[in-house]
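First to last, the protein sequences are chains A, B and C. Under this note's numbering, think of the first position of the first sequence as 1, with each following residue one higher. Under this note's numbering, think of the first position of the second sequence as 1, with each following residue one higher. Under this note's numbering, think of the first position of the third sequence as 1, with each following residue one higher.
Honestly, the hints are just simulated from the structure, not real lab data. Treat each hint with caution, since some may be false.
Stated by the list, open to error - If the Cβ cut is set under 7 Å, some of the chain C residues that face chain A in the computed set are: (1) Q42; (2) I48; (3) K186; (4) S810; (5) G811; (6) Q814.
Said to hold, decoys possible - Below, a list of computed lysine to any residue pairs in the SDA-like style, where the Cα atoms sit at most 25 Å apart: (7) A/K89 x B/Y63; (8) C/K186 x C/N730; (9) A/K89 x B/T159; (10) B/K151 x A/G56; (11) C/K46 x C/H444; (12) A/K89 x B/T146; (13) C/K784 x C/L794; (14) C/K748 x C/R763; (15) C/K266 x C/D97; (16) B/K151 x A/M99; (17) B/K151 x A/S58; (18) C/K186 x C/R763; (19) A/K89 x B/P147; (20) A/K89 x A/M99; (21) A/K89 x B/S58.
Ideal Cβ placement from N, Cα and C applies to all residues, glycine included.
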Amino acid sequence: MITLSHFLVVGALLFAFGLVTVATRRNAVGVLMGVELILNGANVNFVAFNHYLGLGISGQVFALFVIVLAAAEAAVGLAIVLAIFQTFKSIDVRTADLMRE
Amino acid sequence: MLATALVVAFVAYMVTQVLRPAALASPVGEPGAMGLPDLLFYLIAAVTVAGAAGVALSRNILYSCLGLLAALLGAGALYVLLSADFVAVTQLLIYIGGVLVLVLFAVMLTNRITEVNVSNASFGLFGGFLLFVAAAPVLLAVAVITPWQAKPPPELAPTTRAIGDAFLSRWLLPFEVASLVLLATLIGAVVIARKEIKADEA
Amino acid sequence: MHETAHELGRIAVTQAGYLWLIPLFPLVGAAINALVGWKLQQLFGKKIVHRIAVLAMFAAFGVAVYAFSELLRLPAEERYLQDTLWNLLTAGRLSVDLAFALDPLSMMMVLVITGIGALIHVFSIGYMADEPSYWRFFSYLNLFVFAMLLLVMGDNFAVMFFGWEGVGLASYLLISFWYTDPEKAKAGMKAFVANRFGDFGFLAGLLLLFWGLGGAWQARPNSGLRNTDYRPTVELRGQERDVGALAPAATAAQAERAAPRIDEVKVGPTMSFRELRDQVVIEATGVKEHLLHSEIWGVSLLALIGILLFVGAMGKSAQLPLYVWLPDAMAGPTPVSALIHAATMVTAGVYMVARLSFLFALSPSAMGWVALIGALTAIFSASIGFFQYDIKKVLAYSTVSQLGFMFIGVGVGAYWAGAYHLLTHAFFKATLFLGSGSVILGCHHEQDMRKMGGLKQHMPITRFTYLAACWAIAGFPWMNGFYSKDEILWKAFGSGHLALFGVPTPWLGPAIYLVGIVAATGTSFYMFRSYYMTFTGAYRGGEGHHDEHNEDPHSAAATAMSALSVKVHASDGAEHLDHGTQGHPAPAPAHALHDAHGHAPAHGLPAAHDDAHAAGDHGHHGGTPHESPWTITLVLSLLALGSFLTLFLGIPAAWTHQAPLLERWLEPALPVEVAFREQPHWLELAFQGIGVLAGAVGWFFAMLLYKDARSTVPAALKARFLGIWTVVYNKYYVDELYALVVLRPSVKVARAASWFDANVIDRLVLLAGSITRLVANVDGAIDKYLVDGAVNALASATMGLGRSLRLLQSGRIQTYLYGALGGALVVVLLNFLIS
């Protein structure tokens, strides 16, 4: 019997992996991938809750919004990555540390 | 070293003080017979998690992309299992058809495909592992322990109509704002990318 | 002399609110000249300076004359004007006011001071005309007059003592007026120090009197001074009245109220002369009895008081042994010598004794002591005056001698006679001094009589006034000196109640008389000697000569006292013997005196030395002497006239069968009668004749020896008795004795003290300084290392912390992410912990 918890576990794992990706990847695109994973994990949670807790359609609507915004954010993020690539000639996140003290 | 110690301590604390008593306290249901939906679920879940793991741990960025594809697909499948048809399709269309393609483009544009290293120099994999170990159990614990007030699932019905209604009634404002955001994104992305190219050309 | 047994009562006092003006005018004059005189002199010339000073004097004299007229209007017993300005201090039963009083005695003194003082101010106009510090001179003169007026007009001891000290100060300032000359400065210091000795005695006597009046100690027999139960009890006439332990009176009125009284007469310790006199003189209070029977260490209290007070007089009035300053005081300008050291300051002692006559009269020992010292002084200094060459020194010793006479007078109890001699002396001595000043001026600042001579042709007015004053001092009946001097000597002869140190000495009176007659003869002799040497014969001066000390080629000791070198004059050989009347501009006939010693081998310089000398190697302009300006001669004439006129004040009772004018005038101020022996009337007349004879004898011999400088007898006598001559000429080596006995030990003590100060005390101070430095260094180290170290450490810590915290900001997003997650985890943990 698949309960809510199973889906939540999946979502949690997705989230955790996405976190790790964001934290550890040197490649800027890799970091963005991690962000996508995180968003997805959240989405899974949303839809799972929507399905199992019977709260109308809000969860799915939320998930749709998330998808929309994730797409927008991905677009912008990648544009920025391209811009950084132009400036620093590299997409290693460690090279863009001009904001340090 | 200090970070390691702290994390270990944290985890140990969590496990002993929180998880174990909760696990013991919560009612463990009988593991019933596994039907087809269950098996399907486990399969799809495995694919998703494997894909996510691939994204996180792969040395090659392209392999990460593939892993991302698997994860996204798996998520879509899970949506189907959850009777969210519109969301699932949207996921396929937008995420995989749009975002993933975009990511791939970016990867192609910015990398020499062969040379990519994964680890973050200072923390490295070890740091990532620590993070995983610190974060995942928490979430998992929440997921597992919390006594959710689950309701029986409703009749299977197409959700499109409901979503459409919701978008234009209750969620109207966010809907409009989202469209604005998309507009801004559009312009912004163009501006950012174009500027650099322009400067480069100049 | 006349028997009046009337009961004496308290002095009746008349208030006169203007008395303070008399000392005020000279004070104001002194102040103006002191503060702005130099500027005024610069702007307007010297006229303005002397006008201020003389105006002040005449103003004071005017007020004095007015007071005199008021006194005259009062009946004789009530002649006491008083003016209290304010209360100076009140402490317990002692209350001291700034108060002035004029009774007949002080009135006389005030008239003398302001009158003769004014004349001497006028004299100074001419005499000091060349002086650049003109303003300073007149300022000091006025200051002196102010102080002297305070002295005589003071209603109590405090004001009098203030004036006493003030005249000492003014005397010092004026003697060392030309202070740039160390000799003159030394002379001033000598005067001041000698005066100080006297003042000490004065104070001691005063305090003893004050204490004795207190009645605060029970005079136990054989107890000496130890008094362990000091209770301010007034034990008089058997009445024991405890007036409370030094009742703290805060105001004068309180003190007045709290004072014990017997028959309305305030008794107890007091500073006021009037109250003192009332207590002592009015027998009903019993204070006189009390004092008569008080003793200290077996010595009568009154005798001790009298002697100590007289010590003050010894200093101020130049008696033996404190007279040494007066001859040196001639270093000051001549008007100063005339005013201070002839007419006024030196008579302060006489005034004091006369003022306190009622006290002195109670103690035969004190009286005997005073009279004895006076007599000894008279003859001692008269003898010194015989051989002096400096005209001012002659007059100085004459002054000392005459002061001795005055003290004889007040010593034996003839108080009015002493006061009268004071008055006559003021006139004729001022005349003499001013005359000598005129002579000195006329001879271009020459003071040595051997360089004078024949001035009667050139300075007739001076000559006649000087001669008149010589008559006066010698005691001829057509001038005033005779009357006063004879009265004194007569009374001395007739005093049978004197005592010395408690032992009655009825023979002392006649002995003093003899001494006095001899001194009178001597006085006449040396005064006329000075007259003849100065005015008769031929003028021996060729050039000016600033020679203030005596020339004595024989006295090495004398040269030790004076810084200037001894001028050794050559022996000129026998050819000078007959230089006397030839008017040769050659050195003085004093050289003739040297010849007979035949010290030609020692000083075998040729006669060329005379020429060198005559050539004026002292750089003063030569020329014939001239008469002095009218300011000087007018004053001389007035004073000589005064000398004549004042004789009418003292026409003896033996001639007119009534008391002389002055005696009657002074009677209210001199309440106590001293008993003299009854003498037959013809004896008095005989004594008067003897007095005149003494003067005549002196004159005769002086004329014989010194008129026209013809005689060789002085030279011969000197040659014969050279040893004695030298001793007397060198003032009996008294100054040298002082130097040995007093000055040298003082200097030694001073040196020891200085050594102590430099080595012990200064070392201690330096040690304290070192310790302080050490502490400061330690403090500095603490500050530098500890305090600053702490501050610096804080700063370094902050910087270090900052440096390490900076590392957080790596610019890497992932690091920030880790941070954020870490924070989130912590929150979760906390959540679990808390719940």
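**Violated hints - listed by number, lowest first** = 1, 2, 3, 9, 12, 16, 18, 19
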